[in-house]
Each structure stands twice: as C-alpha cells, then as structure tokens.
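*Asks:* Residue strings, one per chain:
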Amino acid sequence: MNTLIGILIVIGAFFSVLRLIFGPTTPDRVVAVDTLNVIITGSIVFIAFLLKSELYLDIALVYGALSFLETIVIARYLEGKK
Amino acid sequence: MMKRVIAALLILVLALFIYGNLYSTGEGKLFPKFGNVNLSERVSNKFINKNANGENGVVTYKETKDAESGSANMVTSIVVNYRSFDTLGEVTVLFVSALGVGLLLSGKSRMKFKTPPNFILKAGVRIIAGIILITGVYIFIHGHLTPGGGFPGGSMIASAVLLFYISDDEFRTKVKSFKFLEGTAGSLYLIFGLLGLTMGGYFLYNFLPTGVVGELFSAGIVPIIYIFVGLKVGSELSNLISDFLSEEGK
Amino acid sequence: MKKYLSTFITLWVIWIALTSFAVSEVLTGLLVSLVLAGVISKVVDYSFDFTIIPKLFIFVFVYVPVFIVEMIKANFDVAARVLNPSLPLNPGFVKIPTKLKGNVGKLTLANSITLTPGTLSIDADDEYIYIHWIDVKGETPEEYQKHVSGKFEKILGGIYK
Amino acid sequence: MSAIGYILMIIGALFYVLGGLGLVRMPDVYNRLQAATKATTLGTFSLVLGVGIAQPVWFVKTLLIVVFLTITNPVGSSVLAKASYIYGVKPFKLSKNELDKLYKSRGDENADN
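Residue numbers (the working numbering), protein chains in the order written: chain A, 1 to 82; chain B, 1001 to 1250; chain C, 2001 to 2161; chain D, 3001 to 3113.
Just so you know, these hints were derived from the structure itself, not from any lab.
Do not take every clue at face value.
[Claimed, not checked] Residues from chain B that keep clear of chain C, each with C-beta distances beyond 12 Å, as calculated:
(1) Val-1096
(2) Gly-1102
(3) Leu-1181
(4) Ser-1187
[Stated by the list, open to error] The calculated label-pair distances, taken between Cβ atoms and stated as ranges, are:
(5) Leu-1105/B / Thr-3/A: 46 to 54 Å
(6) Phe-1113/B / Ile-2053/C: 35 to 43 Å
(7) Leu-2034/C / Asn-3097/D: 29 to 37 Å
(8) Ser-53/A / Asp-1168/B: 32 to 40 Å
(9) Lys-3090/D / Val-1096/B: 44 to 52 Å
(10) Pro-1116/B / Leu-4/A: 41 to 49 Å
Beta carbons are placed, not taken as given, at the ideal position from N, Cα and C, and that holds for glycine.
All chains, please: the whole structure from these sequences, using the hints.
*Replies:* Okay, here's the thing in structure tokens:
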C-alpha cells in the first residue's frame, strides 16, 4: 500500500519535471516548479507518516512557506523584467 | 605545456601517495582502514551520553534527568552548548554584512515596483503572514527539541517581512525598532556568556538546571540563547531586505 | 484594541495547533502571542467580533461542504478535459461583478473561484474579479457571474459584510 | 481508522498524477495552471488529511498544514497567471479578452513593432 502511494507520487512529480525540462517559456517552468513544490510538501507529510515521526510535519510547514515565497518572488521578477 | 605536464605529474604522485596510504596494511600507515574505527564510541560517549556526574549511560527521551547538555536535538547541544562561541562568531559575521549593506544602500524613500501588486496577493499575505511569523517563533523556541533553531526561525520571520514588502507598495518596516531589537538580543547573548563566566568559571557555561530531556523547559540556557539568536537573525535579515528595497530620494 | 484582541486569539490558537495542550506550551504560547500581536496587529487582517461564533458555524457547516463538493467536481472536470484526446477548450479572460466589500471576503471568493470547475481568478479590484475561464458561456458579466460564483456569493454574503 | 486514511492517501496521490498529466497535456500556461492548481490542491488536501486520520494524534497539525496550503496555492497561481500575462505569454486561443484594459501585455507591444 505504501509502495503504491509512493509510486503514484513519483509519477506525478515526474510529469511536472517533464514540463520543467520541455517548457517553452519561463512561466511554464515556474508553473512546473510550483506544482512540484506542492507535491514535495505532500510527500514530506507522507514521509512523516512512514517514519512515524512528527518532526517532519514542521519541515513540511516550513517548506510550504518557503515555496510560496519562492513562487511569489519569481512571479514579481517576471512582471518587472524587460 | 610544461606547466601542465608538471601538474599532471604532481597529481599522479599525490594519487599514488593517497592510494598507498589508504590501502596499505601493516604498522605505521597514515589512515586506519575504513570501518575499523568505532567513531560513535569516541564522540557520542564523550559528549552526548555523558551524565552530569561524568558517567556514561543510556539517555531516554522524556525520562533522563539532568543530562550534561539536556537537549533532545544533538546538533543543538553541540552548536549552542559546546560550540556556542562559534555561533556567536557566526552571528557576528551576519551583523557585519548587514552593517555593510546598511552603510552602502540606506535610503529614505521606499522603492516602488514597476507593476502594482495583485489584490489577491495583498489580501492573501495579510492572512498568511501571521501563520508564517508564529511558525518562525515556534521553530526557534523549540530549537532544542525539533530540527530547527535560531537561523531557520529567523529566516522565516524575514521571509514574512519580504512577503509584506513584495505585496504592498506602501509597506515600510520600522527600521529603528528592528535595530534596537537586534542590538538588545546580541548584547543579551554576551551577557549570558559573562554570567556563565562568573558562575561556572568559563564563558557561556550552561549554568541553569537542564531538566528532563525532551520537555520544553529543559536544556538550561540553550533555548534562551536560541531565542536571542532567532530574534537577532530575524531582525538583521529584515533590515537587510528593507535596506535593499529603499532608495535615495525626497 | 479589538484588532489586538482578535489577532492575539488567532495567534494563540495557531500556536496551540502547532504544539500541544501541555501546560508549559500553552503558557509560552500566551506570552509569545501577547508580544507578537502587539507588533503585527496593524498589518494583518484578523479582526472579528462576537458574531464570529455563528459565522464560523455557517462557514464550517454550509460553506466548506459546498466548497469541497465543487472542488471534487472541478477535478473530475479537469480529468475529463485532460483525458479527452481532442482537448475541448474555449478559453477567455472575463470579468465578473461582486458585491463583497471586505478584503478577506473577496480573497475567499477569489480562492474559491480558482478551485472550482474551469476558472482561475487573476486579479480583483473594487467591483470586479478578473478570471481566466476554460469554457466561456454567456455574453454579459451578469451571466458569467451566475455561472461562476453565484452559489458562493450567496453564502459568503451572509458571512462577510 | 487507518483504512480510511489509506484510501484518502491513495486518492490524493492519484490527483497528483492527474495534476502532472494536466501540466503535460494542456496547451498553454493558463490552462496548465488551472489543471495543476486544482489537482494538486485537492491532492494535498486528501493526502495530508489521510495522514491526519491514520495518525489521530497529528490531526490538528495536519489541519493547519491543509489550511495553509489551501490559502497559499490559489494565491500563488493567481500571481503567476498575472505575471505570465504581463510577461507576454500568448493564450493559444482566446474567445474574449477583458483583461487588456487592466494591464499591458508585453507580447502586444512587440507585435506592434
């Protein structure tokens, strides 16, 4: 059961990596990174469940906050770019 | 051409030297064979497992009382207890860099972005920032229990400030109060170190009772020091951000 | 003062959710939220009064179920579009009027629009929310509004003024 | 209890696959953003709540993570959509455009010259 969930998460992450590699424009790549970040946040929570360790939930929260910041900063940078 | 040949020869000699020392057997060799040395006995018994009485014993979470360092996170016990002087130096490095940026870039008015901020972003940040800030405070207060500490907690606080700056064209931090907070936190770190000097005989001595491993009020001065480090790092990075986003003007 | 109190209560609740109900944690949280609320109560949007209790009730028991059902519908919609080999799309940028005034209410509406079938909110101003719509139906902003946000606007109008 | 949690977790992981698939299949940035945001938000919702139900001690904390992600993810998508429009990404097909009065797209400027 755990293996199945892990494989599904990896497939989803793989598709977003594909878009990250082939994305024709920069916004495409940023969208792919944003999606990948959400998937990683979810999988950190899943790792917490696998290892039965509550400490990983804190890490998921911090990762979510930092990935949001990253998305916003890159988006604002794209807006101002010539 | 000559240089390259000499360099290649030197590398070859060095490689042979390392190879010979790594894989030779017998007396007088430089390195012990990989896996033969039990490092955990050398390090952990000396520092982590040691009781206050100097004996080695097993430490149990939420049971062991009065361990020498008393922090559930081993890295914290090294960074803020045994090598706290080093952390003081790290904080100083950050302070010097913030000082340099402040000298070069400080301006009066707020820099405006080319495009006005999105309304949804502005309203969203005003909800999210509270969660991010309290998480940052949670991380540096629980530095001795969870894989966090002063530096990650401080950066979370600074990231909330950066979000405010990006999402609101009018937003401006109170630079003066941040400078005051930074100075106070830094001097309190030193004062705690000097208190240790008078009470225990050396600088940054852990003079408070260490309590039960794994509880919030444990590990002596470690959480207190981490609170100061977190406040100092957070206010320094926030000052850095507001220095970068200000410009000379009316 | 009202702002300070509501910020303080929100921060304390978040702290307790992060840690636990142990006495030392609750006391530390009290101290931290007292100080932090004083610093940030002017820049964050957490003001509420005593009418929060019935409003929270409506929010959790009326709004959240509707929202979750719409979100699941949205995902089946996305799945149908993605798995269909001919990709049936008719996208466009449109604006829809909204009567909600407060920042938080408008944010909730915009986020709900993003997570429901076929729409993505891009920006908002005083009267309109601008959206990207996969499958434009109708001609005037009022018609769009009926399709996109009618259901939410009715419920949220009762919660946020 | 753990059976419900596992079912929710599998549903969440399936939505991740759907989000990735939407990201690959859709024709332009705005449609990709739509598919990815909806699918990953519901996926995280379901996966994280599944973990919270399978480990009831963590339920409150997982609820906090879910609330946090349901606010940040749509906000991030909105900001990205606006940034892509201003950056000048052309939608592959457009039946109606009422956004042109609000911002200037950089793609339009280049088309004029």
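*Asks:* Against the structure, test the hints numbered earlier, and report the numbers of the ones violated in rising order.
*Replies:* The structure conflicts with hints 3, 7, although it agrees with all the remaining ones.
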